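**Student:** Use the sequences and the hints to build the structure in full.
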Amino acid sequence: MGKTVLLIEDEPNIIEAVSFILSRDGWQVKTHSNGHDAMEAIRRTAPQLVILDVMLPGRSGFDILGEMRADDALAEMPVLMLTARGQTKDREFAERAGASRFMTKPFSNADVLDAVRGLVES
Amino acid sequence: MSRDPGPVFLARRTYRRRRLTDAARMLPLLGVVLFCIPLLWRSPEAEPARTTTVMLYVFGVWAGLVALSAVISARLPGHDDPAVRKDRSDAGDG
Amino acid sequence: MPTLNLLVVFCLLYVVLLFAVAFGADRAARRGRGRWLRSPVVYTLSLSIYCTAWTFYGAVGFAARSGLEYLTIYIGPTLVMIGWWWALRKMVRLGRSQRITSVADLISSRFGKSNLLAIIVTLLAVIGTTPYIALQLQSVTLSFATFAELDPTTATQPSRQSTALLVALGLALFTILFGTRNLDANERHHGVVMAIALEAIVKLFALLAVGVFVVWGLTDGIADTMARIDASNIAAWQVSGSRWIGLSLLSAAAFLCLPRMFQVMVVENEDESHLRTAAWAFPAYLMLMSLFVVPIAAVGLDLLPADANPDLFVLSLPLTQGQEGLAILSFLGGFSSATSMVIVAAIALSTMVSNHIVMPIWLWATGGSAVVSGDLRSVALLTRRLSIAGVVLLGYLYYRLSGGGAALAAIGLVSFAGVAQFLPALLGGLFWRGATRNGAVTGLALGFVVWLYSMFLPSFGPTVFLPQHVLDSGLFGMAWLRPQALFGADGMDPVVHAVMWSMLFNTGAFVVVSLITFPKPIERLQGAQFVNVFEHSNTGGSWRAGKGETEDLLIMAQRIMGAPQAQKLFSDAARRQGIAGYLPDPTPDFLRELERELSGSVGAATAHAMISQIVGGTSVSVEDLMAVADETAQIMEYSSRLEAKSAEQARTARQLREANEKLTQLSLQKDAFLSQVSHELRTPMTSIRSFSEILRDTEGLGADEQSKYSSIIHDEAVRLTRLLDDLLDLSVLESGRVNLNIQHGTLAGMLDRAVDATGGEAGGFRIQRNRAAENIALTTDPERLAQVFINLISNARKYCDAETPVLTISAAERDGQLVVDFSDNGSGIPADQHAMIFEKFSRVRQTRVAGAGLGLAICREIMARLGGSITYLPGQRGAAFRVILPLGEQMAAQ
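Protein chains in written order, with our numbering: chain W, 21 to 142; chain G, 161 to 254; chain V, 3 to 896.
Treat the hints as calculated values from the structure; they're not laboratory data. Just to be clear, a hint being listed does not mean it is correct.
One-sided and incomplete, this derived list gives chain G residues near chain V with beta-carbon spacing under 10 Å [what the hints assert, rightly or not]:
hint: 1; residue: Ala-171
hint: 2; residue: Arg-172
hint: 3; residue: Thr-174
hint: 4; residue: Tyr-175
hint: 5; residue: Phe-195
hint: 6; residue: Leu-199
hint: 7; residue: Trp-201
hint: 8; residue: Thr-213
hint: 9; residue: Val-214
hint: 10; residue: Phe-219
hint: 11; residue: Val-231
hint: 12; residue: Ser-233
hint: 13; residue: Ala-234
Please read all numbers here as calculations on a predicted model, not as lab measurements. The C-beta atom is built at its ideal place from N, Cα and C for all residues, glycine as well.
**Tutor:** Structure below.
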């Protein structure tokens, strides 16, 4: 297999939904639900792709992304950002921080699947 | 910060009041003098004065002082009166 | 009818009457009724505690021995009273503006709030007053025994010791009951003052009645009385000039310095203008008290056996002439004189002992911690009560040990001379800015030693303290050290001798040391304040403190003044500075005000020490020093005007700054609000959309999964609805279009409902309530009020971070308002966030607990609609909220 996705998100229902969609598409889905030790989780699971929520307890998603891009081992890892705030300045901020894709909640399941596939293939 | 010289003459009312506070200050001194007068009546040569005479005199003075104090105290200005404040700084106590 | 039994009955009835009067007056004062309690007549009558049993009985004895000399004891105070414009007016003004609690407090406060001075004055006052209290107990016992001896029906004599003990116990009880109701010594003791005013009337009436009986009953009118005086052995005017003048001056000095006189004259004074009435009425009272003294003495010497005690003529004359009713009246007069003196002296001394000796020791012993954590209020009250009992007991012990002999009779003048030692420091402090603390200490100490050696110790007679050879040939055989002929001043009257030397040494040392020492800045400030009290009546000494210390100050003030008064003081000060809430900026003005309020409870020196423990030492500003250095009042006035102006500007600037800060914060809040609403709405919608797509697109989904996913969709839809409801509720409340459903109910019922709705005490969460206090009837919208309570309780449940969380709900009625406090034992809310917690979406901690942060905003709106308020209450241990609701029908208009 080897197709691993790490989902960092704190709403249990959203975790369940995303896990369901991706695992049916053949992905192995790991989840993590807070910001403090998200970096350790990323290093430990070494996924092909990270799906990262912006508002996390303990630490903001932007901070985590910043740290990943500063780390040589993780600088190239594709990251799909999710946000519930949908303001344009959030999108700019995410792009500057180095996000590979940016999606606003609520999203359609098909879009998530497309985005994940596209990011891993490229 | 030059000191305001104020008018040369005070209004008649203010002037009266100031003299009244002077009177209030003088009253105990008057009392001291009057209460000491019987001491002059004890000359060693002559017969000493009688207790009853001194008693009548002392109680007379006493009643007079009470009456004077009642009249003066009732007319003295209150503590917020500008006449008194001005008066205090004139007196320059301290 | 056996006289002794009748006397006991009357005496008990009289005591009951005194208790009733004191109780009634206290109650009337507390309810704000009874303006007559504060009349100048009551003030004048209360001054009559100057006339103790020593003057009631003793004046006649004095007159029988040495003619008109007794008048000196009344002439001195008369001169002081009619000269009130000089000294009394200043003392009363200072007492009020500086919240002075005693003569020791006045002197210590004037000389830089020195506690050393306060202790010296207190000790001197206790030593000078104790024998005097013993003298009062002796007079009651003696007059009681006079009755018993002349009563044929009693077989056994009542023990004198037990009479004295009973009287002492009764007095201590009365004084503790009515003298320590309030901690604040500046709050008037209406009950005590009313009782002593009544006693003043009784003793004057009794003495006049005996006098009238003597003049018109025993002799044939005035002419006959005069003839009898002329025939008696006091017919000649033989008073020594030095005693006439010396004793008048001594009694004048004592009148100003006696702790009990200071108590009624300055501390209990309601209104400065009462002095105007007392200025003539009190001399008139003294004149009437002394009017019949010589006739009674002359007729007593004539009619009674030669061995009769002239000190008891007032009692024994009517008694031997068969006038039992008059004798009982006379006894009650003497009883009144004795008791009123002991009561007021005990209050005055206990205030001094507890404020200047016990409290400082206690503060020192417990370290700085006590200022914030100890229960100061109850400690202060307790020490004051114990001090009262101690003072009265000391008087009783003195009476027992001295055996109640003739030595006591002489103690009146000895005591006067002792307290007269305060005079140089007192008057010097009031009128001379150059007087210094070191001068006052040296003068007092020297005067005290000379008085002790030349008057107090010899008053016990030879062999008790001073052996005969010291009296005859001086200490160490040095003739110039003979106690009653110091420096070879032989042949002088002992009293005049002692007063002259002690006052000379006292005044001399005071003046010389003051001239050569340099005062500390705080002494100079206080000196300027005291001497020029009529120009500017605020206190000196500036404090500087940081904002963070205000909460500590509030905690300390609550412990001394009680929580409601302290909170009122702080919130008033905050409002004057234009700040909402309970924590004003610790400006020098505010700290000065706080110190003055505290000093009304614990004395100036202690209050100063307490504040400096929190604020960290006094620092006198450059302006203050300049003000001191400049001797003219003009500059003071000018700078105070400037100060007022700049204070005004500072206040406006602060208001503007705060408004601006709030606007900026609100604008940020508005952005945050929108983004928050977006977030709160989108999160549940994400789940809904995602799962509905799964249900729609996925084939072969199991029945379990189908049901699980649809219930997730359902729950998230409910969550969305609740959020929309809250938003709607808030907007309705904010726009004022809410309909209140006003009903009757009790607070307890609404709290019960709220506790139930939040799950009660489940999950190790304790709620402490006092059901008895919650039984308050309300007319309000119970649904809305319960909504507020539910919010506060569930907040405590969510956010209280203590290991064993406890929420305390306390309810009280205060000034027609219902006050309910919700305080938990967690870590509370940081002071910088107090202003924002009632704003929308302002979650204090960045934690994600369910709820969108609208709860407190809704609570605030509800309380405003109900006509009340909800505030954050700082100065408690954890987070605390106070809900205030007006009782009665007034509701905010729709």
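**Student:** Does each hint fit the structure? Answer for all of them.
**Tutor:** So, going through the hints one by one against the coordinates:
| no. | hint | in the structure |
| --- | --- | --- |
| 1 | Ala-171 | violated (21 Å) |
| 2 | Arg-172 | violated (22 Å) |
| 3 | Thr-174 | violated (17 Å) |
| 4 | Tyr-175 | violated (18 Å) |
| 5 | Phe-195 | holds (6 Å) |
| 6 | Leu-199 | holds (5 Å) |
| 7 | Trp-201 | holds (6 Å) |
| 8 | Thr-213 | holds (7 Å) |
| 9 | Val-214 | holds (5 Å) |
| 10 | Phe-219 | holds (7 Å) |
| 11 | Val-231 | holds (8 Å) |
| 12 | Ser-233 | holds (4 Å) |
| 13 | Ala-234 | holds (6 Å) |
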